[in-house]
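Peer 1: Each chain, letter by letter, is given below.
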Amino acid sequence: MQPTDVGNPDYYHKVVDCQWGCPAHTNVPEYIRLIANGRYTDSFWLNRSSNVFPGILGRTCDRPCEPACRRTRVDGKPVAICRLKRVAADLRDPTDNRLPEIPVVKNGKRIALVGCGPASLTVCNDLMPLGYECTIFEALPRSGGLMRTNIPAFRLPWEVLDEEIDMILDMGVEVHYNTRIESMEELLEEGYDAIFVGTGAPKGKELNIPGRQEAADNIHIGIEWLEAVHFGHVDAIGERVLVIGVGNTAMDCCRTSKRLGGTDIKVMARKSRPYFKASPWELEDAEEELVEIVENYSPKRFVLEDGRLVGMEFELVSWHKDEESGRLKATVHDTEFLPCDDVILAIGQDNAFPWIERDIGIEFNHWDMPEVDRTTFMTTREGIFVGGDAAWGPENIIWAVEHGHQAAISIHNYCQGLSLTDDRPPQDHNLISAKMGMHEWAYSNDYNPSPRQKMKHVELVRRFEELSIEVEMGFDPEQTAHEVERCLNCDIQTHFEAKLCIECDACIDICPVHCLTITVNGDEEDLRTRLMAPAENLTQDLMVSEGLPQTGRVMVKDEDLCVHCGLCAERCPTAAWDMRKFELMIPYAGQEAACPTHV
Amino acid sequence: MTYIAKPAVRHPGLGANDLGLHMRDYEGTISTLCAGCGHDSVTAAIIQAFYELSIPPHRIAKMSGIGCSAKTPAYFVNEAHGFNGVHGRMPALATGANAANKDLYYIGISGDGDSLSIGLGQFCHAIRRNVNMLYVLENNGVYGLTKGQFSASADVGSRSKRGVPNKSEPIDPVALALTLGATFVARGFSGDKQQLLPLLKAGLMHKGFAFLDVISPCVTFNDHVGSTKSYLYTRHHGHELVPVDFVPIRSEISASYEKGSRTSITMHDGSMVRFRKVPEDYDPTDRLSAYEHYRSLQNRGEVVTGLLYLDPGGEDMHDDNATTATPLAEMAYEDLCPGSEQMDALMEEFR
Ligand SMILES: Cc1cc2nc3c(=O)[nH]c(=O)nc-3n(C[C@H](O)[C@H](O)[C@H](O)COP(=O)(O)OP(=O)(O)OC[C@H]3O[C@@H](n4cnc5c(N)ncnc54)[C@H](O)[C@@H]3O)c2cc1C
Ligand SMILES: Cc1ncc(C[n+]2csc(CCOP(=O)(O)OP(=O)(O)O)c2C)c(N)n1
Ligand code: SF4
Ligand code: SF4
Ligand code: SF4
Ligand SMILES: [Mg+2]
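Chains as they are written, first to last, in my numbering: chain A, 1 to 599; chain B, 600 to 950.
A portion of the hints provided could be inaccurate.
[Unchecked claim] To give an idea of the interface, some chain A residues facing chain B are shown, with a C-beta separation under 10 angstroms as derived from the structure:
{"no.": "1", "residue": "Tyr40"}
{"no.": "2", "residue": "Leu431"}
{"no.": "3", "residue": "Ile432"}
{"no.": "4", "residue": "Met436"}
{"no.": "5", "residue": "Met438"}
{"no.": "6", "residue": "Ala442"}
[Unchecked claim] Covered stretches of chain B, going by a simulated chain A footprint (3 or more residues, C-beta under 8 angstroms):
{"no.": "7", "stretch": "634 to 640"}
{"no.": "8", "stretch": "687 to 696"}
{"no.": "9", "stretch": "734 to 740"}
{"no.": "10", "stretch": "785 to 797"}
Because the hints were derived from the structure by calculation, they are not lab data. For glycine and all other residues, C-beta sits at the position ideal for the given N, C-alpha and C.
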């Protein structure tokens, strides 16, 4: 193999599995260390610099970082990254305000944003400090998009939403509530310098089976129903509820039903558990609330009596893989009638752009979605940008945030006459030795065997008393103290200097997980079979050094299971290994890549 | 030296041996030697050898005297028996322990100071007695523990860290072992585990006295330019004369290796040492031939390594002395001691 280029920011970044997995590249290990040191406020602001909504995300994030977390590979359970984020947000000093100054004299550029969800808010967050005038048009009377209208308050309290959204709106963003944009053409006529579309995926999917029209009064579309509950238009539901679909929306619908009078609630899944779309923790939470999850029931028809919904008929199915197409195919075994009072459809969301004219230069593809560039977020009409769920279909908050950051860079470049691609500021990185003394490091390098801490929940009886009682109680100090130590500090990199190595094998021998090997070089496939321990995880890189001075062999490190204990560096007599703190420098609109100034 | 203990995590992809033990089960406490010491590498190789041979930890006895090298038994196989005696006396301790319980695997760890200065006599007599043990001499040319004075294995002209050359002739433990009749004589290098591992395994399985000299650089006092026991010097002057593989008894021994007595030698228990390459007119089972070859290469300034001589005869001190089949340690006290009446009767005979 060629010697690894650790000068490329991607190499070490990838070692920090959580940060690499986070769409906004939040510096997780650093914020966890800050929490460990009791520096909650610093931790909060470090979080905010990349993910903008630490308190919101600390409760609701889809956490792509957690399945990626190295700790999963080491002891089976990831660090509770998301819940620790909440600790920082809950315990920060609210009087310590580190928001950027907003220039009084504006730069003369006016930006219109359609929709007040996390994507638009992030664009404002990045552009307001640069002197832009941002105007949001929101169809509903409240801010936050689906974060507010669809995520129930028992998962995400209003105060948390208000606090973090107001940080942005108070920068001087002009918001027109109750203002649905009905025509892009008309909006264009108002002469904004750029337009950002952050309208989400606002249409719940339909289930067109017999009886749908006739029983319409008792059949609800999940996202619309949750919105109606949020605005108080709906405050009750029948005792027996069938929720169709088993994604995250279904989980919020069934749990909300529990709080509005539902007693017998079933979530009906067409497939079996391994294919469920809901996150495992949401399923767990629903089941804890005694919601029944029924597998392999495919809806057949709505059953009415005297013009009223009385139940649904399902086909009982089993699934097998079709040899030709490779897709799952159902075999029907039987049918079954399940009585119910109400049905909630939670089978997905669609985008809809009835308000964008098709003849104004914005190309739509064959899914009737606007063509959006994956890097610049611009449509085929210059100056019109799309991000969040509106861009490529429903995702989650953290993706909406990242889209917002990238769109803001593009909008800034566009308004300043810079290229959206060539003038995009690149990422960079910093690498600083973590050595403090003979056996002292700037991080706690000892491996802590604590198991993942379990989130405590409000007792069942209390939690149904009111719709807005937050279920998760947050980590207590002791839990926090354990959980922070589970983090393996993957950003403290094992940095190797081949020319210093005397091939004494000390590092090879001390490494507890047998990551390191000195051997003759070969191609990757071959090398992976000749290491101290099998290197079978192909998603994890091999670091290969230059030829070593004494024998010309190479040092190979399999990044897969390194616990960043630093023992290799402690053992090395020549400091060929050093533990160096890697800091990813992320560029934002109008800013070169820099390290967040939390310290 | 390291302050945190080696974390109790293990690579999930590494399996277990025949006893169901993991390699990490054969570790000891964390080493307190200087970072980069060759002795630590030897320790790592010993751990791997015991693990791969699936030797139950409680059947191992670790013996040592004084020195950095002699400290290392603390760093492998925590669950084993062990005795750390006075300087240079390990051979006597090992002989005594072995006399009492011949059923354990004895590994003695010594240094060039421990074996060739204060303990030279002990070393020689353990060889003569053919004590069934693996004797590892971690050879760094200095007294590491007492801060780097030349030892008796230092070569003439080798320079100390301050630049002073050694003038005394060295005692060469390999040559000594060959002449004193050791039944297994080998040399390895701590920086070459590929070679060291089969030597350790073969030495552990050998019945009789197995001597293994390991060039094991002292990073702190003897790894500089001018030293003849440094990593670099050993790499530049190393000459692997007879590379071997150890084939444990359980593996299937392929026919191609079985034929040709020069390329493979069956050990007393049926396991096998396979010589990958033996120079012409050299027979590693012939002491004289081994000695001649060794000396001629040494005279050319080469650090000769490999399994230099092997007598697979399979006799040891117990055979020579026709001891009981049951180890003394396992005999009842009444059987071991004839009692005072018998003793008195015996004494009467000599009056
Ligand atoms: C029930 C449910 C639960 C969810 N739970 C989570 C979760 O726990 N964690 C997570 O990360 N994500 C979750 N999501 C997804 C997440 O809420 C969205 O991915 C995210 O809010 C998308 O942000 P956005 O800015 O793209 O759009 P949205 O949040 O959808 O905001 C769009 C806004 O635009 C407004 N709008 C639309 N059209 C117009 C128009 N023509 N004129 C003016 N305004 C308009 C809408 O009223 C809305 O306020 C959940 C989604 C649902 C449905
Ligand atoms: C009876 C006695 N004499 C002298 C010493 C001092 N002493 C301790 S270790 C040592 C030499 C160790 O050298 P070596 O055996 O080569 O071990 P190394 O430290 O080099 O591995 C000496 C002379 C002692 N401990 N006991
Ligand atoms: S162990 Fe810590 S730094 Fe490593 S991936 Fe998990 S959270 Fe991130
Ligand atoms: S930091 Fe070094 S010793 Fe520790 S696990 Fe990683 S490679 Fe091994
Ligand atoms: S400990 Fe240092 S000098 Fe020794 S092999 Fe490892 S990197 Fe090289
Ligand atoms: Mg010595």
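Peer 1: For each hint, tell me whether it holds in the structure or not.
Peer 2: Status of each hint after checking the structure:
{"no.": "1", "hint": "Tyr40", "verdict": "violated, 27 angstroms"}
{"no.": "2", "hint": "Leu431", "verdict": "violated, 22 angstroms"}
{"no.": "3", "hint": "Ile432", "verdict": "violated, 21 angstroms"}
{"no.": "4", "hint": "Met436", "verdict": "violated, 12 angstroms"}
{"no.": "5", "hint": "Met438", "verdict": "holds, 8 angstroms"}
{"no.": "6", "hint": "Ala442", "verdict": "violated, 15 angstroms"}
{"no.": "7", "hint": "634 to 640", "verdict": "holds (count 6)"}
{"no.": "8", "hint": "687 to 696", "verdict": "violated (count 0)"}
{"no.": "9", "hint": "734 to 740", "verdict": "violated (count 0)"}
{"no.": "10", "hint": "785 to 797", "verdict": "holds (count 3)"}
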